[in-house]
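Number of protein chains: 2
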Amino acid sequence: MSLSGRLIVIGTGLIGGSVALAAREQGYAGHVIGVDADRTALERGMALGVFDDSGMPANPGPDDLILIAVPTLAVPGVLQELAAADGGFAGGAVVTDAASVKGSVVAAARDLPGGMPERFVPGHPIAGSERSGVTAARAGLFRDHRVLLTPAAGTDPAALARVRDLWTAVGAEVLEMETAAHDRVLAMTSHLPHLLAYALVDTLGRQPEHEEIFRFAAGGFRDFTRIASSDPVMWGDIFSANADAVISILDRLTDDLARLRGLLAQGDRTALLEAFTRAKRLRDDHVANPGVDHDRN
Amino acid sequence: MSLSGRLIVIGTGLIGGSVALAAREQGYAGHVIGVDADRTALERGMALGVFDDSGMPANPGPDDLILIAVPTLAVPGVLQELAAADGGFAGGAVVTDAASVKGSVVAAARDLPGGMPERFVPGHPIAGSERSGVTAARAGLFRDHRVLLTPAAGTDPAALARVRDLWTAVGAEVLEMETAAHDRVLAMTSHLPHLLAYALVDTLGRQPEHEEIFRFAAGGFRDFTRIASSDPVMWGDIFSANADAVISILDRLTDDLARLRGLLAQGDRTALLEAFTRAKRLRDDHVANPGVDHDRN
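Just so you know, the protein sequences line up as chains A and B, in that order.
Heads up: the first sequence at position 220 corresponds to 220 in our numbering, and the numbers run straight through without jumps.
Take the position in the second sequence, starting the count at 1, then add 1000; the result is the number in our numbering.
No wet-lab data here; the hints were simulated from the structure.
Note that the structure is predicted; figures quoted are calculated from it, not measured.
Careful, some of the hints might be misleading.
As the list claims (entries may be wrong) - Stretches of chain A that chain B covers, calculated by requiring three or more beta carbons in the stretch to come under 8 angstroms of a beta carbon on chain B:
# : region
1 : 144 to 156
2 : 186 to 195
Said to hold, decoys possible - Have a look at the derived ranges for each label pair, beta carbon to beta carbon:
#  : chain 1 : residue 1 : chain 2 : residue 2 : range
3  : A       : Thr270    : B       : Thr1135   : 22 to 30 angstroms
4  : B       : Arg1281   : A       : Ala90     : 38 to 46 angstroms
5  : B       : Asp1284   : A       : Gly140    : 20 to 28 angstroms
6  : B       : Ala1158   : A       : Gly140    : 50 to 58 angstroms
7  : B       : Ala1265   : A       : Ala152    : 27 to 35 angstroms
8  : A       : Gly140    : B       : Arg1281   : 26 to 34 angstroms
9  : B       : Gly1077   : A       : Gln207    : 32 to 40 angstroms
10 : B       : Gly1262   : A       : Ala271    : 26 to 34 angstroms
11 : A       : Thr270    : B       : Gly1262   : 51 to 59 angstroms
12 : B       : Glu1212   : A       : His210    : 35 to 43 angstroms
13 : B       : Ala1265   : A       : Asp165    : 36 to 44 angstroms
14 : A       : Arg206    : B       : Ala1136   : 31 to 39 angstroms
15 : B       : Glu1176   : A       : Gln207    : 16 to 24 angstroms
16 : A       : Arg259    : B       : Glu1176   : 50 to 58 angstroms
Every residue, glycine too, gets a C-beta built ideally from N, C-alpha and C.
Could you build the full structure based on these sequences and the hints that come with them?
What follows is the structure, encoded as structure tokens:
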């Protein structure tokens, strides 16, 4: 199922650029327009041939699909522009977003003058890279990845179907989820690991011998801290938008670390072994280890 | 430089098996003997052709090289056997080990009847895998990896040279380090990350919705928790042997996490951004990201 109108991508970074590339490669969109307040990023995307055209069209209509791919805290401002009299919602365009936190986006959409727009479908592609920007974009980014949509009760089924079509076309598996459940689960599997990686690198960086420390770090450390190379602005937004859920799981982890610290101090090797064995079994059973892993966020 | 005597590998797991394969492939050792109290592991290694022969020779002599590749807490027992009247030290064999913690090994060596043997060279290959056992062994495991040796003041230079030759022959870069510095640095770059990975998986596994949590975990989580699939017995030993150094850096990380929690609770996006930016810069500058990464522990 291809898009009869235009694909308008607001935010021409890694995600927006990759959607543009993939949607054209897969024949889903014939005309892809890039929109970005950052002229440099936009010109780079145009120079790379990621977009056919640039600049927000004056009259987005019911056949168009608008993807908001800006950092999480910038989504509300874009929604407000689209809700203005001459914006996309008035013209009937279908609008979706790609922010990693959904509660703050849904709250902003509900706060719009007309309430939550029927043609707005909140979404989150679980894909990314520690590299950012349109130069890191690639058409295969979403292949075999999941996209979580958190539609409201009043979401237009046709709008939902169009957003599903986009993500299916670029190779993703589309699932629907309740907004709060999305933010709770992502706090655990994505946001907390990022916080730990940032904290570990920052803590080690403060040690007087930090040059030596990093010199002797091997592959385990490299993999473990890869996500600490992620875009700080994007992650500043995510943690601000999902602070409550992150704090909740961080507190549970901190309790567990305190318990493990106690076992270390007591030299209770048996109890440590039990905890490690339980964790290994959980990971081996539940977390797949594909040979080639392009799944990066 | 090849070995004129026999290479005797005590402990036929991933490390011992990989050394055996690599030493023969590189023409360093012509005769490799596997020794293991675990008959199944030893028979598996023999069946796979990893070793030429099995069982401790009656008379290890000055031309032989003995590698102790058993879990950290089992090293002292092996050292005691080698220090017995008919053991390897009496015959003049050079002995090294591959344990991940060096302080406990050096302490055990100093406690031997004759004190620290001159022909004993403590060592630690910084290589491994989340897979364990001789079936996971491969000749390339140490290529472009570091091996840290922590010789004592009285270590025989000829013994040190022989151990250096072994590791150089199998493709590693050999460095010398002071024992306590080794354990402190490894606590930070290897042991603490493993503890965090085990703790995170264990914490998430206790959540009522843990099946759903793991279902939505993507590549970042997979990489971050890969080391939680490591051998629990090996890691139980490491944490028991290096508890003080691990507790010390864990406490500093816990302080940092508490500070980040405060910033989250206050919604201080600016300070979060500063911490993330600092961590990203440190990692980008100091932790290499090779395209192909076989460096696994």
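Here is what the structure says about each hint:
{"no.": "1", "hint": "144 to 156", "result": "holds (count 3)"}
{"no.": "2", "hint": "186 to 195", "result": "holds (count 8)"}
{"no.": "3", "hint": "A:Thr270 to B:Thr1135: 22 to 30 angstroms", "result": "27 angstroms, holds"}
{"no.": "4", "hint": "B:Arg1281 to A:Ala90: 38 to 46 angstroms", "result": "44 angstroms, holds"}
{"no.": "5", "hint": "B:Asp1284 to A:Gly140: 20 to 28 angstroms", "result": "24 angstroms, holds"}
{"no.": "6", "hint": "B:Ala1158 to A:Gly140: 50 to 58 angstroms", "result": "55 angstroms, holds"}
{"no.": "7", "hint": "B:Ala1265 to A:Ala152: 27 to 35 angstroms", "result": "29 angstroms, holds"}
{"no.": "8", "hint": "A:Gly140 to B:Arg1281: 26 to 34 angstroms", "result": "29 angstroms, holds"}
{"no.": "9", "hint": "B:Gly1077 to A:Gln207: 32 to 40 angstroms", "result": "34 angstroms, holds"}
{"no.": "10", "hint": "B:Gly1262 to A:Ala271: 26 to 34 angstroms", "result": "31 angstroms, holds"}
{"no.": "11", "hint": "A:Thr270 to B:Gly1262: 51 to 59 angstroms", "result": "35 angstroms, violated"}
{"no.": "12", "hint": "B:Glu1212 to A:His210: 35 to 43 angstroms", "result": "38 angstroms, holds"}
{"no.": "13", "hint": "B:Ala1265 to A:Asp165: 36 to 44 angstroms", "result": "41 angstroms, holds"}
{"no.": "14", "hint": "A:Arg206 to B:Ala1136: 31 to 39 angstroms", "result": "36 angstroms, holds"}
{"no.": "15", "hint": "B:Glu1176 to A:Gln207: 16 to 24 angstroms", "result": "21 angstroms, holds"}
{"no.": "16", "hint": "A:Arg259 to B:Glu1176: 50 to 58 angstroms", "result": "37 angstroms, violated"}
When each numbered hint is compared with the structure, violations occur for hints 11 and 16.
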